[in-house]
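Based on these hints, arrange chain S on the given structure of chain D.
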Amino acid sequence: MNRAQWGWIALAVIVAALVIAPFVLPAYRTTFLLFMFMYVTLASSWNIVSGYTGYVSFGHASFFGIGAYTAALLILRAGAHWLPASLAGAALAVVFALPLGFILLRLRGPYFAISMLGLSAALEMIALSWTPLTRGGAGLNLPPHQSAIEMYFAMGLAMTAVIILSRKIITSKFGLRLVALREDEIAAESLGINTTAHKVAAFAISAFFPALVGGFYAWYLSYIDPNSVFRPILSVGMVIMTMFGGIGTVLGPIIGAVFLNVISEIFWVQLPELHQAAFGGLIVLVILVMPGGVIRLLKDRGILPANWRT
Amino acid sequence: MTMNGIVRVENLRKHYGGLAAVNGVSFAIAESKITALIGPNGSGKTTLFNLITSVARPDAGAVFLNEHAITQWAPHRIAARGMARTFQITRVFGQLTVWENMLAVARQRRDAEARARAQELLRLVNLWELRDQFAADTSYGQQKLLEFARVLMLEPRVILLDEPFAGVNPTLAQTMVALIRRLQTEGKTFFIIDHAMTIMMSLCDRVLVLDYGELIADGAPADVQNDARVLEAYFGSHREKPRATIG
Chain D
1 MNRAQWGWIA LAVIVAALVI APFVLPAYRT TFLLFMFMYV TLASSWNIVS
51 GYTGYVSFGH ASFFGIGAYT AALLILRAGA HWLPASLAGA ALAVVFALPL
101 GFILLRLRGP YFAISMLGLS AALEMIALSW TPLTRGGAGL NLPPHQSAIE
151 MYFAMGLAMT AVIILSRKII TSKFGLRLVA LREDEIAAES LGINTTAHKV
201 AAFAISAFFP ALVGGFYAWY LSYIDPNSVF RPILSVGMVI MTMFGGIGTV
251 LGPIIGAVFL NVISEIFWVQ LPELHQAAFG GLIVLVILVM PGGVIRLLKD
301 RGILPANWRT
Chain S
1 MTMNGIVRVE NLRKHYGGLA AVNGVSFAIA ESKITALIGP NGSGKTTLFN
51 LITSVARPDA GAVFLNEHAI TQWAPHRIAA RGMARTFQIT RVFGQLTVWE
101 NMLAVARQRR DAEARARAQE LLRLVNLWEL RDQFAADTSY GQQKLLEFAR
151 VLMLEPRVIL LDEPFAGVNP TLAQTMVALI RRLQTEGKTF FIIDHAMTIM
201 MSLCDRVLVL DYGELIADGA PADVQNDARV LEAYFGSHRE KPRATIG
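If you read the sequences in order, they're chains D and S.
For the first sequence, the numbering used here assigns the number 1 to the initial residue and increments by one for each residue that follows.
For the second sequence, the numbering used here assigns the number 1 to the initial residue and increments by one for each residue that follows.
In isolation and in its complexed conformation, chain D is listed as follows (with noise of 0.2 Å):
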């Protein structure tokens, strides 16, 4: 057998594991695994607009922080269903994405990622100040119910929508064309390339995920506020995860997001006290130790092809 069809196999094993494993694993692990898909789903979705097209967002919450909402408004205020109510938030994410798209991805490097922090911390206060419609900073509770099951695997089909997307896109004419203006944005303008169109289009599809996995949280929490789903870490997390794994490629956030959660919650359980400046402190570690994440590793050990993007 060759290598493509080794790792067909392993695939299949690791889907296998995963489908069985809500169902013989305590709840507390399929818990984990539940926000492992979810982190892999953000990270995944923010690399389509910043690691193909190079436009790095800091306010990716935005979206998770909107799908949240949405759904927990529709399912509390129209007794919507989680499933419906979470699609409908993620459409309303994709809608918004488009003329703000259109406006801020006119601002290139740090002048686009600070407009998103600033559009999560204006979002953040809307949800705050918009009472009637919120109730503000005490959040809106949702009926509680049992079973994690459910959304182990709503989480899991998120999750495996987005890899699936995020490798049609980079092996697609549209892919290589956002990698293109990622390259040089004038140049690929001057070749015909409608580099707005594809920036925009890029953006609203990574709006999409993070909107759907934000009202699946809602859902599943039966607790949101302001902070916990408009947070700056959330956002950050997308970045780092992305980063550490590969940035600009698809294995890339999938590593980065397996790998960063599992840390963890190894520090979590061994060092409660020092877990998040242990962690804080790996992660300075391995962005200096290897600046283009476990993928450019790889490539440069020969292990993986230099111009590898699946």
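Please keep in mind that the hints were generated in silico from the structure rather than gathered at the bench.
Every clue listed holds true.
Negatives, chain D to chain S, calculated, CB over 12 Å:
id, residue
1, W8
2, I9
3, L11
4, I14
5, I20
6, R29
7, L100
8, P110
9, P132
10, P143
11, P144
12, S147
13, N227
14, F279
15, L288
16, L297
Derived list of chain S stretches under chain D, where covered just means 3 residues or more per stretch with a C-beta under 8 Å from a C-beta of chain D:
id, region
17, 78 to 90
18, 94 to 104
By construction, the Cβ of each residue, glycine as well, lies at the ideal position given by its N, Cα and C atoms.
Below, chain S alone, put in the same frame as chain D:
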């Protein structure tokens, strides 16, 4: 002066601070001809290219492509309409391979068509063997050739080349000259900036000369070479120091 041409510019102006980079330039370039744009360094040649392709917006004046006003168009629209350019300092997509650089800009209807054309062009400029290398890892001269091949992927009718021969070895420069001539016979229009005067004077049908943002000469190569104002601009007979050489 006749004012018909596939590309026409009318009274173009562009100031950067107090400097008039392009100061009221008007001309038209004829279809299926090779027109040269020369002038000392800093005379406004690249700025003029930027204005024509909308990479920079003019303060005043207008640009026409086939008599359509394109002054306010986005650059990608102009490229799609059939006028494309290369850059003085190469702008390849560094983290894409040579091959991907070609495919990323392809406008051919079918994929197979784009691939066939990319292969043909890469062979023409001797880059076929390097197709799987990152563009960033190729030499400056190879990047120049890649830009040249890449702009042809668009099948443009008008091609603006900004210093295509700079940094390219003489043998490859001759390959490019032959290719430009062949494309001209197929009906393509070229507008070329370069300092390689020997090549330019034999290649081009007509020469425009810019100095301090103004058009100071326009004519056949032989006439322009002996024009008093051109010689003055290059050799500075009334100026203290020469700013550039003509050969």
